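Colleague: As a plain string of letters, each chain reads:
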Amino acid sequence: AQTVTQSQPEMSVQEAETVTLSCTYDTSESDYYLFWYKQPPSRQMILVIRQEAYKQQNATENRFSVNFQKAAKSFSLKISDSQLGDAAMYFCAYQRVVGNLIFGKGTKLSVKP
Amino acid sequence: DTGVSQNPRHKITKRGQNVTFRCDPISEHNRLYWYRQTLGQGPEFLTYFQNEAQLEKSRLLSDRFSAERPKGSFSTLEIQRTEQGDSAMYLCASSQPGTGKTQYFGPGTRLLVL
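Order-wise, the sequence lines are chains Z and S.
Residue 83 in this note's numbering sits at position 101 of the first sequence; the count goes up by one each step and never skips.
Position in the second sequence counted from 1, then plus 281, gives you this note's numbering.
It should be emphasised that the hints constitute simulated quantities derived from the structure, not laboratory data.
Simulated crosslink set (DSS-like; lysine-lysine; CA at most 30 Å straight-line): (1) Z/Lys55 with Z/Lys90; (2) Z/Lys60 with S/Lys382; (3) S/Lys338 with Z/Lys55; (4) Z/Lys52 with S/Lys382; (5) Z/Lys87 with S/Lys382; (6) S/Lys352 with S/Lys338; (7) S/Lys338 with Z/Lys87; (8) Z/Lys55 with Z/Lys37; (9) S/Lys382 with Z/Lys90; (10) Z/Lys90 with S/Lys292; (11) Z/Lys87 with Z/Lys60; (12) S/Lys352 with S/Lys292; (13) S/Lys295 with Z/Lys87; (14) Z/Lys52 with Z/Lys90; (15) S/Lys352 with S/Lys382; (16) Z/Lys87 with Z/Lys55; (17) S/Lys292 with S/Lys338; (18) Z/Lys94 with Z/Lys60; (19) Z/Lys87 with S/Lys292; (20) Z/Lys52 with S/Lys338; (21) Z/Lys55 with S/Lys382; (22) S/Lys382 with Z/Lys37.
Quantities reported herein were computed from a predicted structural model and do not represent experimental measurements.
Turn these sequences into a full structure, and let the hints guide you.
Modeller: So, in structure tokens, the structure goes:
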């Protein structure tokens, strides 16, 4: 069975600084998808970024980028130029080619002004 | 596109009562997923539909839980004889057909069982 581990329950970053959230996963499959979702307090889950396992190039979306290390089964999220609105729970998720998402326990990110 | 909508947003019920939640997916999304999220945890998969067919159910989905998606549009999740342990946020997500498609989430229904 696939598992997703987020080892940082909480992280803090100064506004305008850079922070990296860690995620590792376990799977025996070679083709899969990885996601980072953001869940602000009392608000709905929003997709931040996605990565296809067959792509070697790391995905980027504006201030968000990932470091995907397939052999190490690592998928970290880097947030550059952090903003107050980035404060939220961040969930790493794994998806087989077809099927449900498997989530980690999340990392609570605080942004200090 | 309007997003995924869920109703009600909040539900308080007494132990032993039945509750039903509704999810309306993004139009033309033929896949629909239900997840449960307890405080401080990531969402856990319950079940998913492709059109009207329920293709997979988690072992978390006990006999008291039933989900339907008549006509492949909206879906309902019913919990019979609720227990205090059923208190959670119930999330619905939908996606387009195809492999590795992004799932878009609704705002969730927060259930409190007293």
